[in-house]
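Sequence lines, in order, name chains X and S. In terms of this note's numbering, the first sequence opens at residue 2 and continues consecutively. In terms of this note's numbering, the second sequence opens at residue 39 and continues consecutively.
These are calculated hints, taken from the structure and not from any lab test. Do not take every clue at face value.
[Stated by the list, open to error] Once the Cα atoms are required to be at most 25 Å apart in a straight line, the calculated DSS-like pairs of lysine-lysine come out as:
| no. | chain 1 | residue 1 | chain 2 | residue 2 |
| --- | --- | --- | --- | --- |
| 1 | S | Lys127 | X | Lys109 |
| 2 | X | Lys113 | S | Lys376 |
| 3 | X | Lys113 | S | Lys351 |
| 4 | S | Lys376 | S | Lys351 |
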Amino acid sequence: MNVVLLSKQLKDGEAISEYTKNIAEKIVQEGHEATIISFDDSSYYSIDERVDVVRFSLHFDGDNIYNWSMMMNNEMKGQVMSLLEEKDFDLIHANDWTTVPGAVAISKHLEKPMVITIHSTENERGFEGEQAEMISELEWQGAYESDQVLVTKEDTKNSVLFDLDAPEDKLEVIDPFSDGWRERILNKYRELLKHKKEVKN
Amino acid sequence: MRPLFITWEYPPYKAGGIAAHCEDLSTTMDDQGHDPVVVTYGEEESTEYRDGVEIHRVPATDAATDTLSWAMHLGHQMEKKAIELAKQKDFDLVHAHDWMAVPGATGIKKTLDLPMVFTVHSTQKGRDGIDSKYQETIHNLEWYGTYEAEEVITVGRDFSEEVKHTYDVPNEKVNYIPNGVDLEKFDSHSGNLNKNKYALDYEQIVLFVGRMYPQKGPGHLIEAMPKILDKAPDAKFVMCGSGATEHYKGIAKQQVGDKVHFPGYVPDSELLSLMKNAKMTVAPSVYEPFGIVPLEAAACETPTVGSYTGGMKDTIIHEYTGLHTYPADPGSIAHQVKRALNDPGWSDWLGENARDRVEDNFRWEQISAWTTGIYSNAVK
C-alpha cells in the first residue's frame, strides 16, 4: 500500500502534523509506503526517514486563509502529480478543509479512494469570519467526496453528522490518544483498498 | 488542436469584452478545424454545443463574500469538470482568460499536466490600482498566471510592455495578438434604428459605449460637451453602458440638458444599429489595454475619436481611420470631435478607411491562426 497524506503544514508539536506523522510512520513500520505533502513554512519537523516528505513553497500571497489555501492546493496537486513519475499512490488522505480541493482533484483524476480526517468543523470553531461559509462548504465537500471520514472526537462526529450532513456509515471516530488508533486507521485503508479491488474485479 | 478554454464569462453571461473574445476565438478555431472546449460559469451545470464549440457550465457558490473568493471556488468547480472531461478526451493545453480564470487553469495545469496559455486582457494595476490587500491579491494572481503559463498573450502592443514590466515576465513568452471583429455579424445586421428614441431627426449622434467608470473616461467627454455644442449645435451625445450611470447622468444633464441621453445598458443588436447610425464614437478611456469599440465602430464604417493610449494607439490611425486625443483632456476631445462633425465628407472618408483596415488587419481568422501558432510553442 502506498498512501499520500496531505497536510497544510508539517511542524513538530502541532496537532495535525503530529497526527499525520504518526500515521505515516505506522504505515512504513508495517512495510508500506507513505508520502507526506505539505506547504513549507520552514517549521522544524522530525520523522522516520522511511517516510517520503515533500514540502513545497508557494509563490502566491493571499488576502485571507481561504484564498491562500485554494492556491496552495493547486501547488499540492502539482507535487503529487510529479511524484507519479516514480511511484503510484493507492490512497489519498486529506486533513481538514485546507487540503480538500487538492485531495478531491487528485482522487478524481487518479480514481483512487480518498480518506479525510476532519479534526474540527467550522461550526465547532464558531463559524466566524467572512470565509466561514465557504470553509464549511469545503468541509461538506470533503465529507461528501471521501470514501471514509475520520474524526478525532465525538463532538466533531456530531457536527459532521448534523452540520455537514454526512452519512453515518462512512464516518468513524478514531481518537489519536486511544490505544491502537494508528492500526485502526491502517485497517480502514485496507478495507477501502480491498473494497476497491473487489469492485474492479 | 484541442485547447481547453477557461473563462468565467461566456455568452450569454458577460460583463466585459472577455465573453465575446472567447466566443469569437473559439468559434473561429472550430471553423479552422480545431476542437476547442470551453469550461465556464453557469447558474446550473449544463453542456451545450454552439457553432461547433462544446461549452460546459458549472455553478459557483452563493457563499462568497467577494469576487476573489468566488473565483477561487469557481476555479475548483471548473477543475473538477475538466478532470471529468479529460477521461473522455485529451486536451492539448489549457487557455486561461484573465485573473478570474487563473485559480482554475493553474489547478488544471497541475492536475492534468497540461501546458498553459494565459491571455491578459487588463491588469489590476491599470484597472483600479493596488491599494488594498484585496487588490494586491488579484495582482498576485495575475502574476502567478504569467509565471505558470508557458505562453502569455496580451491584447495590445503597449499593453505587452505593461505586462512584461508589471509581472517581470521574460520577453520571449509574451505575445501580442489584437482582438478581432466578426465582420459577418456587422454586415448581416440591418442597422435599422428608431432614431427618435435617442435624438431628433436633424441631430448627429456622437456615441459613447462603455462601462460608466473613470477608467473609460465618460467624465472627460461630459466636460467636453459644452465646447462641442458651441461649434456643432446639432450634436447629440448618446452614452450607452451600465455602471455609475446616474452619477454621470446627473453631471451631464447639468452641463448640456437634453443634448445628452443615457439609455443605460443597450442590447447588442440595438448597439450595432446605433453604431451604424452614429456620426462617430468617442472612446475617452484613460486606461484601455485594447478597446474593442473603435474596431466595432470601424466595422460599421463609423470613425472613432479615441484617446492616444494603450490599444487605441494601434486600432486608430490619426486622421486616417479616426482621430486621436490626448488622454483625460476634455479640450483635446472637444477639438477633435468638432473637426469631424464639421467636415462630414472627411468624417465619412475616415469611416470607410477604418472599415478597410479592419478587413485587412483585425479578422478573427487571422487572430485564431496566430493564437494556434502560440499554442504550438506552448506544447513544445
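Any hints from earlier that this structure breaks? Give me their numbers in increasing order, please. 2, 3
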